[in-house]
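Protein chains in written order, with the numbering used here: chain F, 7 to 203; chain P, 7 to 203.
For the record, the hints were derived by calculation from the structure and aren't laboratory data. All residues carry an ideal CB built from backbone N, CA and C; glycine is no exception. Some clues are possibly wrong.
To be verified - Covered stretches of chain F, as calculated for chain P (at least 3 residues, CB under 8 Å):
| # | segment |
| --- | --- |
| 1 | 106–115 |
| 2 | 147–153 |
| 3 | 159–168 |
| 4 | 175–181 |
| 5 | 185–191 |
The primary structure of each chain is shown beneath.
There are 2 protein chains.
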Amino acid sequence: MGEKSAQKKQFILETARGVFMQKGFKNVTMKDIVEECGISRGGLYLYFESTRELFWEVLLMETAETDDVFEKNIPQDATVTEILLLFFKEQKKEILRKKNNLTVAIYEFFFENKPARKDNLLRNRFDTAAAILQELIEAGIEAGEFYETDTLATARNMMFAIEGMKVSAQTMGLTEKAVDEEFAYLLQNLVIMEEEP
Amino acid sequence: MGEKSAQKKQFILETARGVFMQKGFKNVTMKDIVEECGISRGGLYLYFESTRELFWEVLLMETAETDDVFEKNIPQDATVTEILLLFFKEQKKEILRKKNNLTVAIYEFFFENKPARKDNLLRNRFDTAAAILQELIEAGIEAGEFYETDTLATARNMMFAIEGMKVSAQTMGLTEKAVDEEFAYLLQNLVIMEEEP
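Chain F extracted, bound-state conformation:
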């Protein structure tokens, strides 16, 4: 693909992401994308066959960007507890974000398109995040910051609670206080607090 083509493809993907954030997945048609991009129908189909294909590429792009942002935000001298707090802070932002939020589109897409287990991007994201959390918890125990615990089960519980908050924010609404309290609960079961003298 030439540079110009690559740029155009990228432009379409970023425009489409905006449309999915606004309308979810199921309400979006190829016509919406054509109109929002201001290109011809043929021009769109040159790059993407369907909203399904478009959404999949948006998701790949999004996943890569999220990982980058998180890693860049970790200070070199951070304690394990601080890294976990940073992770929770990022998750909180994503849970409560009103605009620029792909959550509804992601759920709508996967309700309809359940790829095979190994190709399920959502499962891969969940398992990867749980594995990173597990390593983090192990490091925290090692460093004497966290209580001894079943590290994998604790990591998966955190991921299920985060997933539960994400979907709840989109269906019943969640206050910032409710989210803070849940993260405080998760921390309090893990982090050894030093008693005040």
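Given chain F's structure and the hints, the job is docking chain P onto it.
Relative to the frame of chain F, chain P by itself:
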């Protein structure tokens, strides 16, 4: 409403429930309901104006039935731990149920129709379940079966984890083992296990 009308309305609601279980909420049209019920279009509109109104009534019916089933299943002499196990068992069934599952339809409906806070049936169901769990946890602590804990935070954490498993089962798929392990984790943090001699 005469008895015959009430029966017909009930028949429509039960048929519609089946359609929503099969197709979710967004893909269902009034035409689908007409066809599945084998009635005339006018016959349907006499009772319901829209799939939105129909779904709402299905949800009310469903909520009432679920509560009944749970209460009937509690043996008179059950310990608090046994009652909690029964609750988890019911939740597990709902999470893993492949057929007769309204989960996708419920999420699709609430993504689009966010009623005011106080009218949000999903929020009411969540808060009610959390309140019942909280009472149960208090009773367990009182009876010496459970560890001391922040009872409301523990109850809400359980509800978020359950919500996370429900949505995950519909998007990335969950094995029975994964669900069992999560419930075991929730229990293990709460129930005081007697050491074997």
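So, going through the hints one by one against the coordinates:
1. 106–115: holds (count 4)
2. 147–153: Per the Cβ count (0), the hint is violated.
3. 159–168: holds (count 8)
4. 175–181: With 4 residues in contact (Cβ-Cβ under 8 Å with chain P), the coverage given for the segment 175–181 of chain F holds.
5. 185–191: Since three or more residues must qualify, the claim that chain P covers the segment 185–191 of chain F holds, with 4 doing so at under 8 Å.
The earlier numbered hint that this structure contradicts is number 2, and it is the only one.
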